[in-house]
Amino acid sequence: MTQKSKSSAAQKRRSQRGNQASNRPVLVVAGIVVVVAVAAVIAVALASTTPAVAEPATDPVVVSGAPLAPWNPEVTDTAIGMPLPGLSGVGMDGAPLTIGPDDGLAKCIVILSHQCPHCVAELPRLVAWLADNPLPDGVEVMGLSTLINPAGSNYPSIAWLEGEGWTAPTLIDDATYTGAAAYGSMSTPGFIFVTADGIVADRVVGEIDPAVFGAMLEAIAP
Amino acid sequence: MGLLAVANFLALLVVGAGLASIALIGLRVLASLSATAAGWLEIVRRAIGPYALWLASLVAATSMAGSLYFSEIGGLVPCAYCWYQRIAMYPLAVILLIAAVRRDWGIRPYVTAIAAIGAVIAAYHALLQRLPGLPSGSCSVTVPCSTIDLERFGFITIPVMALVGFVTVLVLLWIVADGDERPGS
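Protein chains in written order, with numbering that gives the first Met the number 0: chain L, 0 to 221; chain P, 0 to 184.
It is possible that part of the hints are untrue.
Taking beta-carbon pairs under 8 Å as the criterion, some of the chain P residues facing chain L (in silico) [as the list claims (entries may be wrong)]:
| id | residue |
| --- | --- |
| 1 | 4 |
| 2 | 70 |
| 3 | 72 |
| 4 | 145 |
| 5 | 149 |
Since the hints were made in silico from the structure, they are not lab data. Cβ coordinates follow ideal geometry from the N, Cα and C atoms, glycine included.
Whole structure, please, built from the sequences with the hints as guidance.
Written out as structure tokens, the structure is:
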């Protein structure tokens, strides 16, 4: 190769490198646009897919009776000794369900949220305890699934509850958390222990030992 | 697009950014052991290194826009730790844009300090959501930090998004732009 042709080849390579460098910002921007467009298409497609299990459509939960005072574990619970308000709405199967104070049974209402990690930790323990221990005579366990949020973890709540083996009759709270508000619930999980005559015996906030749960059920048994 | 579509969109970007960051960190480690890996890292640096400030600015701006969408349009109320992460992320969106326009690589120490603090808070927040027993035994109904009020693909929550955002900014500034874009160059 002559000196002239070498010089020409080098010039050509420099020119190509220059062109590549000048094209680079365009390529970077084009790459970003492609990534964003693909992500947007996939995101919309995923958001429009229907989940296999759907949360039952809920009308507003209807409250009968005076709501309980807001629940603050740091002060004396003024709800103790007060009548439990009734809640009417739909259950996990979409059929009407009422949590009433006047069905003649003592009860524990377990307030759970699918997006609360404490509830996620507590639920299997409760399910296991309920499977291994018969309820005291005249005592029932019911649930209130609240803070339901389609963007949250473990949505829909009924899939989570059923998946964990929770079979207690459970009311699905509405979009404004009417049920939780009527119980004065400020935290989940929550437990409301009610005597057979519909009076609140105790309220407990947070995860509890299933053995304590069992003892409290014994305490409210008629 | 509704909340779920936007969340999916941001989650997909997070997956991409996270995988890219992990790959680049791995490549950086391998580059100290292998000439081949060092060659690949050099190719990456030459290709996108000059734009690292712009890309970091884009990451911070997208994170800021996403968090504002979630709170102002999506109705997800930010908890205390969300606010601490915002305090770190929002200034990054501004100062990285200014630095990109001015090609001011001297910004790196300041961005690093802010992004590192943000990453630590985001990591703790993400941990709190998975190990909720750390601070308490319940989720407040009002604005709990442990509640997972947004989760996509089974693991991407808002603090995870923030964590990936902070780490991506750090990777862009310290690994991708570690060649010709040194401070003072």
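The hints, checked one at a time:
{"no.": "1", "hint": "4", "in the structure": "holds (4 Å)"}
{"no.": "2", "hint": "70", "in the structure": "violated (13 Å)"}
{"no.": "3", "hint": "72", "in the structure": "violated (12 Å)"}
{"no.": "4", "hint": "145", "in the structure": "holds (5 Å)"}
{"no.": "5", "hint": "149", "in the structure": "holds (5 Å)"}
Hint check: violations occur at hints 2, 3; the rest are consistent with the structure.
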